[in-house]
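Student: What follows is each chain in one-letter form.
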Amino acid sequence: MNATTIQEQTRLPKDYKSAIPVRWCPGCGDYAILSSLHRAMAELNIEPHETAVISGIGCSSRLPYYMSTYGFHSIHGRAAAIATGVKVANPNLNVWVTTGDGDSMAIGGNHFIHAVRRNIDINIVLFNNKIYGLTKGQYSPTSDRGFISKSSPYGTVEEPFRPAELTFGARGTFFARSLDVDVKNLTDMLVEAARHKGTAVVEVLQNCVIFNDGIHSKISDREWRADNTLLLQHGEKMIFGKEGNRGIVLEGWNLKAVTIGKDGYTLDDVLIHDATTKDNTLHMKLALMDLSNGLPVALGVIRRVEGPTYEREVERQIAEVKGRSPQNSLTQFLLNSPNVWEVK
Amino acid sequence: MSTKTVVTDIKQVTVRFSGDSGDGMQLSGTLFSTLSAIFGNEISTFPDFPAEIRAPQGSLQGVSGFQVRIGEKDVYNSGDKADVLVAMNPAALKVNAQHLKRGSIVIYDTDSFEEKDLEKANYQTQEPFKELGLEQVHPIGVAITSLTKASLEDSGMEGKDILRSKNMFALGLVCWLFNRPLEIADQLLQQKFAKKQTVMKANIKALTDGYNYGHNIHLTTATYRVEPAATEKGFYTDICGNTATAYGLIAAAEKAGVQLFLGSYPITPATDILHELAKRKDFGVKALQMEDEIAGITSAIGASFAGCLAATSTSGPGLALKSEALGLAVMTELPLVVIDVQRGGPSTGLPTKSEQTDLNQALYGRNGESPVVVVAANSPTNCFDSAFEASKIALEHMTPVVLLTDGYIANGSAAWKIPDMAQYPEIKPPYVQKYYDGTAKEWKPYLRDPETLVRYWAVPGTPGYTHRVGGLEKDRLTGAISTLPDNHQKMVNTRADKIKRIAEHLPEQEVLGDKDADTLIVGWGGTYGHLLEAMIQLRDSGKKVALAHFRHLNPLPKNTHDLLKQYAKVIVAEQNNGQFAAYLSGRFKDVSHLYRYNKVEGQPFKVSELVEAFTKIIEEK
Numbered sequence: 000m001n002a003t004t005i006q007e008q009t010r011l012p013k014d015y016k017s018a019i020p021v022r023w024c025p026g027c028g029d030y031a032i033l034s035s036l037h038r039a040m041a042e043l044n045i046e047p048h049e050t051a052v053i054s055g056i057g058c059s060s061r062l063p064y065y066m067s068t069y070g071f072h073s074i075h076g077r078a079a080a081i082a083t084g085v086k087v088a089n090p091n092l093n094v095w096v097t098t099g100d101g102d103s104m105a106i107g108g109n110h111f112i113h114a115v116r117r118n119i120d121i122n123i124v125l126f127n128n129k130i131y132g133l134t135k136g137q138y139s140p141t142s143d144r145g146f147i148s149k150s151s152p153y154g155t156v157e158e159p160f161r162p163a164e165l166t167f168g169a170r171g172t173f174f175a176r177s178l179d180v181d182v183k184n185l186t187d188m189l190v191e192a193a194r195h196k197g198t199a200v201v202e203v204l205q206n207c208v209i210f211n212d213g214i215h216s217k218i219s220d221r222e223w224r225a226d227n228t229l230l231l232q233h234g235e236k237m238i239f240g241k242e243g244n245r246g247i248v249l250e251g252w253n254l255k256a257v258t259i260g261k262d263g264y265t266l267d268d269v270l271i272h273d274a275t276t277k278d279n280t281l282h283m284k285l286a287l288m289d290l291s292n293g294l295p296v297a298l299g300v301i302r303r304v305e306g307p308t309y310e311r312e313v314e315r316q317i318a319e320v321k322g323r324s325p326q327n328s329l330t331q332f333l334l335n336s337p338n339v340w341e342v343k
Numbered sequence: 000m001s002t003k004t005v006v007t008d009i010k011q012v013t014v015r016f017s018g019d020s021g022d023g024m025q026l027s028g029t030l031f032s033t034l035s036a037i038f039g040n041e042i043s044t045f046p047d048f049p050a051e052i053r054a055p056q057g058s059l060q061g062v063s064g065f066q067v068r069i070g071e072k073d074v075y076n077s078g079d080k081a082d083v084l085v086a087m088n089p090a091a092l093k094v095n096a097q098h099l100k101r102g103s104i105v106i107y108d109t110d111s112f113e114e115k116d117l118e119k120a121n122y123q124t125q126e127p128f129k130e131l132g133l134e135q136v137h138p139i140g141v142a143i144t145s146l147t148k149a150s151l152e153d154s155g156m157e158g159k160d161i162l163r164s165k166n167m168f169a170l171g172l173v174c175w176l177f178n179r180p181l182e183i184a185d186q187l188l189q190q191k192f193a194k195k196q197t198v199m200k201a202n203i204k205a206l207t208d209g210y211n212y213g214h215n216i217h218l219t220t221a222t223y224r225v226e227p228a229a230t231e232k233g234f235y236t237d238i239c240g241n242t243a244t245a246y247g248l249i250a251a252a253e254k255a256g257v258q259l260f261l262g263s264y265p266i267t268p269a270t271d272i273l274h275e276l277a278k279r280k281d282f283g284v285k286a287l288q289m290e291d292e293i294a295g296i297t298s299a300i301g302a303s304f305a306g307c308l309a310a311t312s313t314s315g316p317g318l319a320l321k322s323e324a325l326g327l328a329v330m331t332e333l334p335l336v337v338i339d340v341q342r343g344g345p346s347t348g349l350p351t352k353s354e355q356t357d358l359n360q361a362l363y364g365r366n367g368e369s370p371v372v373v374v375a376a377n378s379p380t381n382c383f384d385s386a387f388e389a390s391k392i393a394l395e396h397m398t399p400v401v402l403l404t405d406g407y408i409a410n411g412s413a414a415w416k417i418p419d420m421a422q423y424p425e426i427k428p429p430y431v432q433k434y435y436d437g438t439a440k441e442w443k444p445y446l447r448d449p450e451t452l453v454r455y456w457a458v459p460g461t462p463g464y465t466h467r468v469g470g471l472e473k474d475r476l477t478g479a480i481s482t483l484p485d486n487h488q489k490m491v492n493t494r495a496d497k498i499k500r501i502a503e504h505l506p507e508q509e510v511l512g513d514k515d516a517d518t519l520i521v522g523w524g525g526t527y528g529h530l531l532e533a534m535i536q537l538r539d540s541g542k543k544v545a546l547a548h549f550r551h552l553n554p555l556p557k558n559t560h561d562l563l564k565q566y567a568k569v570i571v572a573e574q575n576n577g578q579f580a581a582y583l584s585g586r587f588k589d590v591s592h593l594y595r596y597n598k599v600e601g602q603p604f605k606v607s608e609l610v611e612a613f614t615k616i617i618e619e620k
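Respectively, the protein sequence lines represent chains A and B.
For the first sequence, numbering that gives the first Met the number 0 assigns the number 0 to the initial residue and increments by one for each residue that follows.
For the second sequence, numbering that gives the first Met the number 0 assigns the number 0 to the initial residue and increments by one for each residue that follows.
Think of the hints as simulated: they come from the structure by calculation, not from any bench.
Since this is a predicted model, take the numbers as computed values, not measurements.
Backbone N, C-alpha and C fix where the C-beta goes; we use that ideal spot for every residue, glycine too.
Any given hint could be a false lead.
Computed cross-link-like contacts, DSSO-like style, restricted to lysine-lysine with a CA-CA straight-line distance of at most 27 Å [claimed, not checked]:
id, chain 1, residue 1, chain 2, residue 2
1, A, K321, B, K443
2, A, K261, A, K217
3, A, K16, B, K254
Footprint (simulated), chain B over chain A, 3 or more residues, beta carbon under 8 Å [as the list claims (entries may be wrong)]:
id, segment
4, 63-74
5, 331-339
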């Protein structure tokens, strides 16, 4: 058990709320994400003044204004790079990035993959509503092929990014997925992300009530959720469905959804989730499960492996070099450098 | 041989080492300048190399040069033309033919002046000197390649490796020519190749043999001596502008008691700043090589938000990429030092050449009304003071500062008196705690010091001062998002005013030369050495002339306007098409008597050309 969980909880979600009125559209999924973040921080019991929430541009990026922590609402796409600077400058801060699919996958795609590759200890909350909301409804890098929007009136002719694929492609150490409508699970995912040492990506399937209403309804609506999603839990069997009798098995190189007790499949055939294997092959397969290939969408912590974090490695090197050759002052350093001569 | 060589004393000399980019000419040149500086001469260097790492051998594109000017005193720049050229191949001779003085000495490697070598460099005849019209120079042919081979045949090195010491043999010849003590060169080589004993020994041998060869065969009738300079007492080292810039940042962080952070991306000719700061973990410097130019500056903005002295280093194309983020630093009023080592443009332009064409970009290259401080360094050693000052302004006035240097001063080097940091001013960032100790209630994120208009710095991690900043327009006090018309107008004015008021903290513009002159030469940044020498030569020829060389470009020193009005003629000389001149005349409407001298060749000014052009203007009725 982690030290923070044993500690007596002294903070409430409201302690992380700022006084500024929230101005998202009524019914927007962002409200639930904000509220989950307040809850997660209270559960983590972190000091608001030791927390920095950094964002780029877009609806999701308004979030720092609604926090009582330190916050930085920056420019489009750059939150991950700014957060990298903040975390390296002061590794003791809890650093969060709130971003959208346009902000982090399009204009900020480069910073996203490189932050993940460095494994800097920041928590990236990716609000994926598959649309540009703040600019009033253009398709985004996560919109499905053929998606009709104001900027794609005849449907898009390009494949979408899947955030998990980019994360794993960049050798990410933590990836979780959740739903805006499931505050309990989302809070859990944010807590897990914060406890992870390294870049944690939490993809939140979020509804844009104005420009892309219902884009995730096959996954998030109560009616469908049990059958169409699989909540992964480390060390647990991959079981889902209203009846709790559906499971994921490995067939050849592929995953397959089966009904336990049917076609000869038993509970023993069902895979057990291991979020901590170094090899990310199965994590990738799980993250890419999709209704279109007859599989439920995976939620929960899909991958969580340990690795050295960038900011700690920087600190370690500094301590090492300082230990070898401590420098007290620049003048002294220059006097001791080669090629010094004296004019008497 | 018993004949004694005549030693002639001379005041100054310019030597140019030139060869293929793989011939090690940069090293020969650096060693020669360093050992001359240690010997006690004033030095100024100008490395002039191609953008290609290794262009085809023997081709004109692949010629790499290193010019060193040494003197007893008054070495203000690396010199117009060379007194001595070392040409390792015909291409080097051809490229440098125009950079030779009448009567100069050309030491060339006869082994590489064969027919095929001449062909590679597109010669039409077998007589390269004649073909280039170099009838007024003294060619001295030395079989450098075969002599180096003979020198090192017992060194245990392979043939190809042996040839890499050719540059040391050539350096030995030059050392003999200028009566340089070899002990210093030996020491420098021992330091440089401490980890490669075989190479070190081979280089020392080649150097010594080159020296002895010159001595023994009595290569020229005269050798030259440049006496040590009577410089100010103290400890010296030689330093190039990029390294001085890096040290200036370290010095400022040390003074301010903050950590230094650099976010950067490799770009010629600025990368050496990143290299140096990456090494300086012994000072706790956090130097990050980011994924692109934008991440370079935005990571620095993040670090600044979190309390560091944050900097980003780049050149013109990189500054273009950083402009949106620079606007963010203006809006959030965070300290930031942006170093632009200017090179030839536009676009990729001339990466390894030098210009002053980024002034407009530094002053105006952002959306919105977006004022930043602009400071320009004027020499390799001045990069230290300028980086220190840029950091001080950034930290104390909570603003981004663009520090303009250029390829010429960034790569050029000069002897530098190691500074006593106790003599440098304090740097006191406006931390919020100092103003509102224990009474957080009164504080608002955009509350300002009434005198300087600087907002207070509340660094994350500090209890009681949590707040949000961002790129959207802010309420003038609370920092909350505001789109109110009068608030925006007020904030636009305040941001401009804040920068203007920095002039109160700057020294007045200094004028050198004749106080009662009719003509004032105006320059800025890296052209100082050339303009100063031009002014001195004009005065020596009996002309009354003054020089105002600017380092503070925005805000300008307070006396700028008065100063410009005092002179009948003002000549603004710059390595662009008149950006500073346009800036001055736009700012001061009654200053209409501006003459312009502009040259955009990617090469440093030539003093002789400056003198000629200025004389014409001075004599014009």
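Student: Indicate, hint by hint, whether the structure satisfies it.
Tutor: Now the hints, each set against the structure:
Pair hint K321 of chain A plus K443 of chain B does not hold up; C-alpha atoms about 39 Å apart against a cutoff of 27 Å. Simply put, K261 of chain A and K217 of chain A have alpha-carbon atoms about 25 Å apart, close enough for the 27 Å limit, and the pair holds. In summary, the hint linking K16 of chain A to K254 of chain B is not supported, as the alpha carbons are separated by about 38 Å, beyond the 27 Å threshold. Only when three residues or more bring their CB closer than 8 Å to a CB of chain B does the claim for the segment 63-74 of chain A stand; here the count is 11, and the claim holds.
Coverage of the segment 331-339 of chain A by chain B holds. Counting CB-CB distances below 8 Å, 7 residues qualify, and the rule asks for three or more.
Comparing the model with each earlier hint shows violations of hints 1 and 3; every other hint is respected.
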